[in-house]
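Asker: Sequences listed follow chains A and B, in order. Start counting the first sequence at 1; every next residue gets the next number (my numbering). Start counting the second sequence at 1001; every next residue gets the next number (my numbering).
No lab work stands behind these hints, which were simulated from the structure alone. Quick caveat, the model's predicted, so the values are computed rather than measured. Even for Gly, the Cβ is constructed at its ideal location relative to N, Cα and C. Be careful, since some hints might not be right.
Going by beta-carbon spacing under 7 Å, a handful of chain A positions derived as facing chain B [to be verified]:
#, residue
1, Pro-149
2, Asn-202
3, Gln-235
4, Gly-262
5, Thr-288
6, Pro-290
7, Glu-306
8, Phe-309
9, Met-311
10, Ser-315
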Amino acid sequence: MKYVDEFRDPDTARILADAISGEVEPGRPYSFMEFCGGHTHALCRFGLEDLLPSSITMIHGPGCPVCVLPVGRLDMAIALVLEHPEVILCTYGDLMRVPGTGGQTLRTAKSRGGDVRMVYSPVQAVELAQKHPDREVVMFAIGFETTTPPTAAAIKAAEARGLSNFSVFCNHVLTPAAIDAIMTTGSGATGARLDGFVGPGNVSTIIGAEAYDEASEKWNKPIVISGFEPNDLLQSILMLVRQVNRGEARVENAFARAVRPGGNEAAQRLCAEVFILRNSFEWRGLGTIPGSALRLASGHERFDAERRFAMDYVSRPDHKACACASILRGEKAPRDCKVFGTACTPESPLGSCMVSPEGACSAYYLYGRHRDSAARRVAAE
Amino acid sequence: MCLALPAEILSIDGETATVDLDGARMPVSLAFLEGVAPGDFVVVHVGYALTRIEPEEARRQLSLMREGTAPGMAEGVTG
C-alpha cells in the first residue's frame, strides 16, 4: 500500500537503528514517552524496542481514547440504553467490551435488551436517526482531536436535516491538557526520567504542529510528531536523541507529509462553533483535569444527550486489581500488572487498556512483549 | 479508534469521495478538505478525510531516512 510499505522497508529500518546507536552518548539513559496508543502498538508489532540501544526506554502514554474514558462515563451510557427503551445508542466497536461497574459492558447491556449499535462513522448515527423518527438516536462520542471534527460534522448534518431525535453523548478530550497532566501528576512528576515525547500523528493533522509549542516550552521537553509506520518512529526517536544530546527542547514535525504547522483550519473552525471547553473532566488514570474536554456549545445544546436525558456523572472506581490507571500515567508497564495475561486477557478484559486496539496491555498481549521483556531483563542482568 | 489510514481518492461527487482503502472502496466525506482531486491520497478516519498526504514531503522524508538522518539534521539546523 502506498505511503505504508515504503515506510516499513527493513533496510532503511536498520540504517535508522544504526544511526540511533551511533547518536546515543555512552552512559546516558534516555526515556521517551510515545503519547499515542497507535504508536505503542507499532513499537510492539514491529519489535522496534529490540532495535533500540538498551539505554533508550520507551514509556507508553495515555493517547488511547477508549482507555482514558473513566468507568463512570461508561456506566452513564449503559444506564441510558437500559433505562430508555426509545434510545438507539451508537458506539464505535472498541467500546463494546470495556468493563463498567460490576463487569457490565455495552455488550451485556445489548444482551439485556438495550439497543446498542456499532458504527464506524458518526454519519451512520445521523442516518439511523433519519430512518427511525420514532426513536432517539444517541452517538456515544469519544476520542481526541482526531475524532472531534467528525462528531461536529455529524451534528451539523443532523441540524441541516432538521432531525430532532439525534443527540451526542460527548466525551471528547484534548491532547495538550493530557501532556500537562503527565507532567504534573504522571510519570513526568514522580521523579521518573522523561526526556521527551513522540508526539501524536493523527491528532496533529487537525490541531497542527504548532499546538505543542506551549507544552514543549513550558516543560522544557522536545516533542517530535511522528507517523505510525516503523521507520517513522525510528526517525522520530533519532530526532529526540539528537535534541536531548544538544540540550534542545522544541517541537519538530517528522510527519510533514500529513501534518501542517497550523493543522486543519476548516476542522478547527467547525469544532469551535459546535463545542466549548468543559470546566473539568475526569480521565481514567490522570484524574480530574481542568479544561481538558469538550461539551456542546450554546446554540447546539439541543444535541447534548446529557441534557436531553438528564444524565449525571458519578465517579466510579476501576476494578481493584487493574493497573490501567498507573499504566496510563506512564508509571507502570503492562508486565508490572499482576492480572496481565492471567485474569485479564483480550477475551475477558478487566480494564480498558486490554480491550482497545490502542491500549498498551493489548499491544503487549498481542505481540508477546511480556515474554520479550522478561528475556531482555534476564539478558541485561 | 484514533487509527487512520492513507487512502487514494478514486472519484469525487460533491462533498463525498469514493476512496480505495487498501483494496476496499468506501465513501468518505471531504467536509474538512478543499482542493483535493482523484489520484490524491488522504488520511481517513471514521468516514472523514482529515488531511491530504503531500507526495513531495513523503519523498523528502524517505530520502532522509535512507541516509539515516531526519528533517533538520542533514542541514545541521539547530532551531
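Asker: Once the shortest beta carbon distance from A:Pro-149 to chain B is found, is it less than 7 Å?
Answerer: 6 Å, holds
Asker: Measuring from the C-beta of A:Glu-306 to each C-beta in chain B, is the shortest one below 7 Å?
Answerer: Since the shortest Cβ distance to chain B is 21 Å, the answer is violated.
Asker: Interface hint check: A:Gly-262, Cβ to nearest Cβ on chain B, cutoff 7 Å. Holds or violated?
Answerer: 12 Å, violated
Asker: Against chain B, is A:Met-311 within 7 Å by beta-carbon distance?
Answerer: For A:Met-311, the interface hint is violated, since the closest Cβ of chain B sits about 22 Å away, which is over 7 Å.
Asker: Can we keep the A:Ser-315 interface hint, with Cβ of chain B closer than 7 Å?
Answerer: 23 Å, violated
Asker: Tell me if the interface restraint on A:Gln-235 is satisfied: Cβ within less than 7 Å of some Cβ in chain B.
Answerer: 5 Å, holds
Asker: Holds or violated: the hint that A:Thr-288 contacts chain B, with Cβ atoms closer than 7 Å.
Answerer: At about 22 Å, which exceeds the 7 Å cut-off, the nearest Cβ of chain B leaves the hint on A:Thr-288 violated.
Asker: Measuring from the C-beta of A:Pro-290 to each C-beta in chain B, is the shortest one below 7 Å?
Answerer: Hint violated; A:Pro-290 Cβ to chain B Cβ min 23 Å, cut 7 Å.
Asker: Can you verify the interface hint for A:Phe-309: is its Cβ closer than 7 Å to any Cβ in chain B?
Answerer: 24 Å, violated
Asker: Taking 7 Å as the limit, does the beta-carbon of A:Asn-202 come near enough to a beta-carbon in chain B?
Answerer: 5 Å, holds
Of the numbered hints listed earlier, those contradicted by the structure are 4, 5, 6, 7, 8, 9, 10.
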